Amino acid sequence: MKAYKLVAMIALLGLSVGAMAESVPDEKIATLRLAPLNIEPTPPAMQKVVNNDVKQVRSYPMQPPVIPHKIDGYQIDLKVNKCIQCHSRTSASSAPMVSVTHYMDRDNNFLTNLSPRRYFCTQCHAPQLDAKLLVENDFIDIEQLIKAKAAVKH
Amino acid sequence: MFAKLFEQLKLVWKVLLRPSVHYSLGFLTIGGFIAGIIFWGGFNTALELGNSEQFCISCHEMENNVYKELQTTIHFTNRSGVRATCSDCHVPHNWTDKIARKMQASKEVWGKIFGTINTREKFEGKRRELAEHEWKRLKANDSLECRNCHNFEYMDFTRQSKRASDMHSTSLASGDKTCIDCHKGIAHHLPDMTGVEGF
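As you go down the protein sequences, you meet chains A and B in turn. Note that the working numbering has the first sequence beginning at 2, numbered continuously upward. Note that the working numbering has the second sequence beginning at 97, numbered continuously upward.
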């Protein structure tokens, strides 16, 4: 028991020393605002939302498809889901129907309607901006990885 | 008592039938004309006052519910600075329809006096019914209030998104659908839409 306490104390001491060593001065911490709290920075220009209705290829199989149109003012609440006006099974619009997985509850039972856990579209799906990337994206599509590997082998 | 009143009315009628003794014909015609302008102008001014945004939101029912919702939409603030306020969509522009609508609005005065929607809960409870009245009205007049500004003849499909031009050049062009059929809830929140066609 005594040995256990001793180990714990040493560990605690080590942790606090570590924390002190890693402390960073305030001015070196980058904030999302990119300005001190008391200064109101000029916000960057708002970017245009992609509104061309062209389906975009998913970056990986499980990716929720991105929204290729504007969704300004679309109401998604208890009363109504504006997206479903077009993306429903029965709509006359040419919009793709939401995937059948959205009709399944968590036990994989199919419901007649949207499952409550998949009701709020914008939780996973997002419209896109026609903007320059803020940070470099080094994501590589799995297809390309497979191809690269195959090329090395041969 | 009625006999006495009748006698008095008869007297008034007799005076009206007699030619004027004290006033000249010129005074009566020109004076009548000017008084007409003043009264008619006053009537129209009062009518326009009832059309103003300020008048509409003088009731908290309108200010706290529908007006708040309008403020977040494109009809309130937008890139070109054109605003459609309450009366632009809810009161017909041409005279006879306008007067008819104003008469119907007396029911709203009734509602105000008896507090039909004087709380948020009561308003939410009535939202579907109130919305349905407006959808019915716009459906019946082929979305006239939309078309006061959005003229189909003036639409440039090449400036619309593909979805928009697809819909407007088919269903709207053929007269099969009218604006309100697809554009419900563009200025206010939608009620529970269960059972509404297209939802």
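Hints were generated in silico from the structure; no laboratory data involved. Take the hints with a grain of salt, since some may be wrong.
So these bits of chain A aren't anywhere near chain B, every CB distance computed over 10 Å [to be verified]:
hint	residue
1	D73
2	G74
3	Y104
4	F121
5	L130
6	F140
7	A149
8	H155
Result set (BS3-like, lysine-lysine): computed pairs, CA atoms no more than 30 Å apart in a straight line [said to hold, decoys possible]:
hint	chain 1	residue 1	chain 2	residue 2
9	A	K80	B	K222
10	B	K198	A	K71
11	B	K110	A	K83
Keep in mind the model is a prediction, meaning the values are calculated, not measured. For each residue, glycine too, the CB sits at the ideal point set by N, CA and C.
Straight-line alpha-carbon gap K80/A to K222/B, limit 30 Å:
Between K80/A and K222/B the Cα gap is close to 13 Å, so the pair holds against 30 Å.
No chain B beta carbon within 10 Å of L130/A's:
16 Å, holds
Restraint check for K198/B with K71/A, where alpha carbons must lie at most 30 Å apart:
Cα-Cα ~37 Å, so violated.
Is the claim that D73/A lies outside the interface with chain B correct, judged by CB distances over 10 Å?
The claim breaks: D73/A does not keep its Cβ more than 10 Å from every Cβ of chain B (closest is about 7 Å).
G74/A non-interfacial with respect to chain B [C-beta, more than 10 Å]:
Given that some Cβ of chain B is not farther than 10 Å from that of G74/A, nearest at about 6 Å, it is violated.
Minimum Cβ-Cβ distance from A149/A to chain B exceeds 10 Å
36 Å, holds
F140/A: least C-beta distance to chain B exceeds 10 Å?
Given a closest Cβ separation of 29 Å, the condition holds.
Compare the distance between the alpha carbons of K110/B and K83/A with 30 Å, and conclude whether the hinted pair is satisfied.
69 Å, violated
Please settle this one: F121/A was flagged as non-interface, so is its CB more than 10 Å from every CB on chain B?
16 Å, holds
Claimed clearance of chain B by Y104/A, with the beta carbon kept past 10 Å
17 Å, holds
Going by Cβ atoms, does H155/A stay more than 10 Å from chain B at every point?
Given that every Cβ of chain B is farther than 10 Å from that of H155/A, nearest at about 43 Å, it holds.
Hints 1, 2, 10 and 11, counting from the list given before, are not met by this structure.
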